[in-house]
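Chains as they are written, first to last, in my numbering: chain S, 1 to 344; chain Y, 1001 to 1344; chain Z, 2001 to 2344; chain U, 3001 to 3344.
Quick caveat, the hints were computed from the structure, so don't treat them as lab data.
The model shown is predicted, which means the values in this text are computed figures rather than measured ones.
Some hints here could point you the wrong way.
To be verified - In silico lysine-lysine, DSS-like type, Cα no more than 27 Å apart, as pairs:
#, chain 1, residue 1, chain 2, residue 2
1, Y, K1039, S, K18
2, S, K252, S, K39
3, S, K342, S, K39
4, Y, K1271, Y, K1338
5, Y, K1252, S, K252
6, Z, K2301, Z, K2331
7, U, K3018, Z, K2039
8, Z, K2039, S, K165
9, S, K313, Z, K2165
10, S, K39, Y, K1039
11, Y, K1313, U, K3165
12, S, K342, S, K275
13, S, K18, Y, K1252
Number of protein chains: 4
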Amino acid sequence: MIRFNNDYNHGAHPAIIKALAETNDTGYAGYGTDTWCQKAEDVIRQLCQKEELHVHFFPGATQANFIVCASILSPIDSVVCADTGHINAHECASVESTGHKILTIPNHDGKIDAGELESFVASYYEQGEPEYLTIPRMVYISQATELGTIYSLEELKAISAVCRKYGMMLFVDGARLGYAMSAANADFSLADLASLCDVFYIGGTKCGALMGEAVVICNPALENHFKHYMKQNGAVLAKGWLLGLQFYVLLKDGLYMDITRKADEYAIELKKAFKAHGIPLHVDSPTNQQFVLLTEEQMKKLAPSYVFEDEGKADETHHVVRFCTSWSTTKEDIDALKADIKKL
Amino acid sequence: MIRFNNDYNHGAHPAIIKALAETNDTGYAGYGTDTWCQKAEDVIRQLCQKEELHVHFFPGATQANFIVCASILSPIDSVVCADTGHINAHECASVESTGHKILTIPNHDGKIDAGELESFVASYYEQGEPEYLTIPRMVYISQATELGTIYSLEELKAISAVCRKYGMMLFVDGARLGYAMSAANADFSLADLASLCDVFYIGGTKCGALMGEAVVICNPALENHFKHYMKQNGAVLAKGWLLGLQFYVLLKDGLYMDITRKADEYAIELKKAFKAHGIPLHVDSPTNQQFVLLTEEQMKKLAPSYVFEDEGKADETHHVVRFCTSWSTTKEDIDALKADIKKL
Amino acid sequence: MIRFNNDYNHGAHPAIIKALAETNDTGYAGYGTDTWCQKAEDVIRQLCQKEELHVHFFPGATQANFIVCASILSPIDSVVCADTGHINAHECASVESTGHKILTIPNHDGKIDAGELESFVASYYEQGEPEYLTIPRMVYISQATELGTIYSLEELKAISAVCRKYGMMLFVDGARLGYAMSAANADFSLADLASLCDVFYIGGTKCGALMGEAVVICNPALENHFKHYMKQNGAVLAKGWLLGLQFYVLLKDGLYMDITRKADEYAIELKKAFKAHGIPLHVDSPTNQQFVLLTEEQMKKLAPSYVFEDEGKADETHHVVRFCTSWSTTKEDIDALKADIKKL
Amino acid sequence: MIRFNNDYNHGAHPAIIKALAETNDTGYAGYGTDTWCQKAEDVIRQLCQKEELHVHFFPGATQANFIVCASILSPIDSVVCADTGHINAHECASVESTGHKILTIPNHDGKIDAGELESFVASYYEQGEPEYLTIPRMVYISQATELGTIYSLEELKAISAVCRKYGMMLFVDGARLGYAMSAANADFSLADLASLCDVFYIGGTKCGALMGEAVVICNPALENHFKHYMKQNGAVLAKGWLLGLQFYVLLKDGLYMDITRKADEYAIELKKAFKAHGIPLHVDSPTNQQFVLLTEEQMKKLAPSYVFEDEGKADETHHVVRFCTSWSTTKEDIDALKADIKKL
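Turn these sequences into a full structure, and let the hints steer you where they fit.
Here it is in structure tokens:
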């Protein structure tokens, strides 16, 4: 049984397990005030080419998402995102549970359009900021998106410009940031992100770590008492160095990109195999998540050997099905599935 | 430098690191629906001698505390606890941030008294449940308490009886439950807890795991959609088996009790050494946390070799100082500190 | 200047002012525990032909809306409503500010369709109540709707049946209930509402009172500590008899229906005048709110003599414009506007 | 039966009823954007001798209290007040329901002490603003207090100075501000309040209006989008001019002070009568609320003719009992009670 259902079905890259074992007998300061968190923050500063940013290590992505929102938004503020945005569609209203409305605009293959965003936001101001409507204060996008697509540098710049025009914060969910950066058509860097957005995170859980997300605060105003928000919402791990250590291992020498590049390449092999066999794509993704349209019969043929994720019906005869690769995907896994795709 | 400042300054017991390494190449279902979580739940059911309970694995204790409260309390309900209760004094108002008032009653060496609890609660009902006061719906206690003391079985029964009389839920914070169960004067069992309270947890982070708390829901009514609350607040770990596996290793053959018993014994050795040298105790604790009164001069003498926690001034000349033991404390650590206590 | 912009631009029906003046020298118990609130509740019970219901008097409709939601929904529950629903579009996220997500479905002239509602809700259960989605626990509709339209008895029964099938509460916002009941095509009664929904309210502010909404709790389970929710959110007026008295005056002898029937008739006169003059309707409303499409030139012609509400652009050349009638609208007001419509 | 149980058991001062009747046929803009609210704001500016302040009219005091808190505090911020503070003891956790912790310090006859306040706040900063504690961001006091006592100008200045030293906002609950200003020993003015605190309110409900509180925002930074908070929490009355009109009537020519001065004088007559008869005072109040200690037998003697408020047992033989005067208290009421006090 080979798991393609998601990118978090195995433990961590062996280098991480090794590092955890080697440091297990050492004592550290708690709550993220240790030396590994400091080292990882330093590496991230270098990669972002920005000295004044701050990094906080979270156990998970849902925490990162709702706590960042809670730390920035006042009760009368709302966050704008794609209808497919993870905070809107997959996190059990964690943002609303902290008191904030999510305003959605239509997605285009998982992405929002800067022009549509501007029209949407402008309408609030053109009405004179009426008190019966919330203030759109933040824009949330995912890079890569929930459909595996990525924003180009130009698109990021356009969204960032709209945000700055209207005094909105730009928050980039990078749970799969590695896969986005490693995509063949990626033209943005961490330094670009650090200059274009106010806060983003570098995903660990889905990119080779046991768990963890590195939240990077680029806008110094957002750093103010940020750790209080983390503590209040249970995101300050007692043994916080476990997170810092993992990111240090992943980022110090490029392992993070090695992992995600390989996974992207494997995923593209699968995409090509599906296309070659006439299986329609649900979306043309350049990253480790591939969404194709399969008939129920095709799904049944693959089910005995592979785990994949059924995303629901696309039409009368097809389901949208997701295949993911990750650090643990092997050439053998890919070759096996490619061979079986040909038999569909 | 030997760390006695807390019980979470080293990684995990080696058996856990070994298990993580051995299972790293295996694929698992996500979000706690895997085989290890199931096995750990089964072991806990056996230890609690109760078939119908449910177990949920949380990354951390603050999450466990506020999410359990959020899942039980309506906005008009409050939780009653000692003024020293962790949720009142150490978690940045995480409970209030979900909308609930904490009503405090005085602690006695960290514990609440069942009689005082009853008087406090009864006054609400004797006033006719006025709408300008919240409904005391839950009682929160810690076992062991924040001061290292433990409730006897009789005390637990008395508190439980008050709760049932007034329709309140009893929630036991067991972040240090192992140390309480291993205390020389402990006379309660997991089965007692499972029958006396509505929900409790078995602490992992402070008792030898990398991280994790096993929340045990004893009252079936509280199980309803509980995982939605976890998801909404970011407590469902993607690679949830990492938590189940750790608890399985700790609980299946008694390792949990071995770890905490040894730590308690070491702590009692320290307590005896302090007393023998005439150092006054702040509280007489039977568990791994020892609180003593040191002068600033005494603190300065110990500071070069040991890390300990200054809890603030007790009087003009003394500070309350905490010394903790844990899975990583060695006989050499204890002997060294005992020798230096004699020199104070 | 004649005000047609809304139905709350004048004080109260003279009978209410008279009653307030006459009772001003009498002392009453506070917080709604007085004799007038009791009398008004009794009248409402009779009108609803249901003995076991409870009535609570609120100062305003936004309070009624979000407090009813807060009293029924758990943090993991959501409320389903039309995208045009008042709680979604006009109350500054008051429901989200209490922690709950609003799930919207498309409106049809302001109304939701029972079949579409069922499909929407069923998809949650067909997915197995996944923890990453909230539980649709309540349905909110407005009668009359925000566009002036009304649900037929058959439509109400169909929506109620879907709610009961899936264990959802049905909440009817009756801020303009009088206008709905007085509509020429209305075929439902207060008794129908009381049997079909779990909670609804009889609007006062927009139907002739100084202020106030009478929230009717039909489902006894929802009465439990309801007043605590009101108090917590500031909706228990100290001089609560002011609200009970107004509803008693409005409801005891049919004044409420007299007021709203006359206003509806006047509004229909306006609708006919617009149609006769070739002004297109935005929606065909049978109640006191009329929405028509005017050019900017037409708006300019009316602006010197009338206040009306510009709802924004409908297309390149038209705006949606609202004209409302109320207790204070006179035959002279209507005749004047009718004459001026002919000159557009 | 003469009502001394509270100061909100009758309607409004006749001048208000008259004004409501006289303006009933006039149309106004909604939501507090009318001419009466503007006029009332102008009068308050003059009385406060401060041009740049803003005034918002609320239907009730609980709303004013929790909405002001919600508008100022971030989730990680807390409000400091006396344990007897209305927000802590009488409003069903309305502040906590918006997510904020209340930190209490001991009251002294209902008041807090500036020195104790400073010690309390300083301890947070001396600990280094730890993330497990909330940030004390606001101080809440009541003038007059819940026990009828008042702060002197010197006391207000001292509290204000502590607030400014630590960057805290000072919020004065003035539900009974008139009675405080009219007290014989009062030495502060509205202008003093406006310069010493960040926000306060002038109570209407308990000082002669039908309902309403005038929230005065003295610190311009707090005005930002304040009305959004009001709308979100249901405090923007549709017919908002009803509130502005009442305050205009009360404040334009000194009626507010006339009402409260008379009520205070009557209350002092009662206090003297109780003292003269040997009835002990619970607290020595200079305002319209008098708290005395009565035996159950004494209470029974007064109960047939008077309504008063039993505040609970003071000791084995006495209850604390409150007697209030208000705009509707007459010389006859006072003379009758004085005569009956002599018979106790």
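Here is what the structure says about each hint:
no. : hint                : in the structure
1   : Y/K1039 <-> S/K18   : 26 Å, holds
2   : S/K252 <-> S/K39    : 9 Å, holds
3   : S/K342 <-> S/K39    : 47 Å, violated
4   : Y/K1271 <-> Y/K1338 : 9 Å, holds
5   : Y/K1252 <-> S/K252  : 38 Å, violated
6   : Z/K2301 <-> Z/K2331 : 21 Å, holds
7   : U/K3018 <-> Z/K2039 : 26 Å, holds
8   : Z/K2039 <-> S/K165  : 57 Å, violated
9   : S/K313 <-> Z/K2165  : 24 Å, holds
10  : S/K39 <-> Y/K1039   : 37 Å, violated
11  : Y/K1313 <-> U/K3165 : 24 Å, holds
12  : S/K342 <-> S/K275   : 10 Å, holds
13  : S/K18 <-> Y/K1252   : 25 Å, holds
The structure does not agree with the numbered hints 3, 5, 8 and 10 stated previously, though it agrees with the rest.
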